[in-house]
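Please put together the full structure from these sequences, using the hints given.
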Amino acid sequence: TLIATVQQGAFSPKIFVTTGWMMWQMKKEIKTAYSWTTLGASYVTSRGEKKEAAQCKLCNRIVDDLLDATGDVNFIPCTQICFGFKACTNMCNKIKDVQNNAGSYPCVS
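At position 6 of the sequence shown the residue is numbered 6 (this note's numbering), and the sequence of numbers has no breaks.
Derived from the structure by calculation, the hints contain no laboratory data.
Cβ atoms here follow ideal geometry from the backbone N, Cα and C, with glycine treated the same way.
There could be a bad hint or two in this list.
To be verified - In silico BS3-like cross-links for lysine-lysine, where the CA-CA straight-line distance does not exceed 27 Å: (1) Lys50 - Lys94; (2) Lys14 - Lys27; (3) Lys96 - Lys86; (4) Lys96 - Lys57; (5) Lys50 - Lys14; (6) Lys57 - Lys31; (7) Lys57 - Lys28; (8) Lys51 - Lys94; (9) Lys28 - Lys14; (10) Lys14 - Lys57; (11) Lys51 - Lys31; (12) Lys86 - Lys51; (13) Lys50 - Lys31; (14) Lys86 - Lys57; (15) Lys51 - Lys96; (16) Lys14 - Lys51; (17) Lys14 - Lys86; (18) Lys14 - Lys31.
Claimed, not checked - Here are the in silico distance ranges between beta carbons for each label pair: (19) Lys28 - Lys57: 17 to 25 Å; (20) Asp64 - Pro13: 18 to 26 Å; (21) Phe16 - Lys86: 49 to 57 Å; (22) Pro77 - Asn101: 35 to 43 Å.
Here's what the structure looks like:
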């Protein structure tokens with residue numbers, strides 16, 4: 001039984017502490033994986049207008065993650081990451097335009 005194993009010292013509480021600490025350190029990665037999983041599932045299971053909304057949410061998440069990773073919008077291939085969906089591609093291109101024009105005076109956004 002589990003109690004006998006703990007009493008014999010073969011099962012240490014240090015495992016729980018170490019695992020808990022590791023999970024705490026990985027909370028951002030776990031949250032990201034969960035977010036990607038739910039967005040992917042909603043995209044696969046949706047139909048019609050809900051599928052288009054799921055595509056845009058997935059595109060937004062991809063753009064956000066690429067901006068975090070690269071810091072430069074010029075490297076974002078809008079057509080490919082937005083699955084060729086015109087409304088999402090236009091939104092991605094507008095984000096790129098705003099980012100590129102934000103440094104000019106007066107700010108054009």
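Against the structure, the hints:
Straight-line distance between C-alpha atoms of lysine 50 and lysine 94 comes to about 23 Å, which keeps the hinted pair within the 27 Å bound. For a cut-off of 27 Å, the pair hint linking lysine 14 to lysine 27 stands: about 20 Å separates their Cα positions. At roughly 15 Å between alpha-carbon atoms, lysine 96 and lysine 86 fall within 27 Å of each other, so this suggested pair holds. Among the hinted pairs, lysine 96 with lysine 57 is consistent with the structure: their alpha-carbon atoms are about 17 Å apart, no more than 27 Å.
With a C-alpha separation of about 46 Å, the suggested pair lysine 50 and lysine 14 falls outside the 27 Å cut-off, and the hint is violated. Of the pairs offered as hints, the one joining lysine 57 and lysine 31 holds, with about 16 Å between alpha carbons and a cut-off of 27 Å not exceeded. Straight-line distance between C-alpha atoms of lysine 57 and lysine 28 comes to about 19 Å, which keeps the hinted pair within the 27 Å bound. With a CA separation close to 22 Å, the supplied pair lysine 51 and lysine 94 stays within the 27 Å bound.
Using a Cα cut-off of 27 Å, the hinted pair lysine 28 and lysine 14 holds, with the two alpha carbons roughly 23 Å apart. The straight-line distance between the Cα atoms of lysine 14 and lysine 57 is roughly 41 Å, outside the 27 Å bound, and the hint therefore fails. At roughly 23 Å between alpha-carbon atoms, lysine 51 and lysine 31 fall within 27 Å of each other, so this suggested pair holds. The hinted pair formed by lysine 86 and lysine 51 meets the criterion: a straight-line CA distance of about 14 Å does not exceed 27 Å.
A threshold of 27 Å between alpha carbons decides the hint, and for lysine 50 with lysine 31 the separation of about 23 Å falls inside it, so the pair holds. Only pairs whose Cα atoms come within 27 Å are accepted, and lysine 86 paired with lysine 57 is accepted, the gap being roughly 14 Å. With a C-alpha separation of about 24 Å, the suggested pairing of lysine 51 with lysine 96 holds against the 27 Å cut-off. With a CA separation close to 46 Å, the supplied pair lysine 14 and lysine 51 exceeds the 27 Å bound.
Note on lysine 14 and lysine 86: the hinted pairing is violated, with a Cα-Cα distance of about 53 Å set against a maximum of 27 Å. For the hint pairing lysine 14 with lysine 31, the CA-to-CA distance comes to about 25 Å; that is within 27 Å, so the pair holds. A C-beta distance of roughly 19 Å is found between lysine 28 and lysine 57, which places it inside the suggested range of 17 to 25 Å. For the pair aspartate 64 and proline 13, the supplied restraint of 18 to 26 Å is violated, since their beta-carbon distance comes to about 39 Å.
Distance hint for phenylalanine 16 and lysine 86: a CB-CB separation of about 51 Å, consistent with the stated range 49 to 57 Å. Judged by the Cβ atoms, the range 35 to 43 Å given for proline 77 and asparagine 101 is violated: they are separated by roughly 20 Å.
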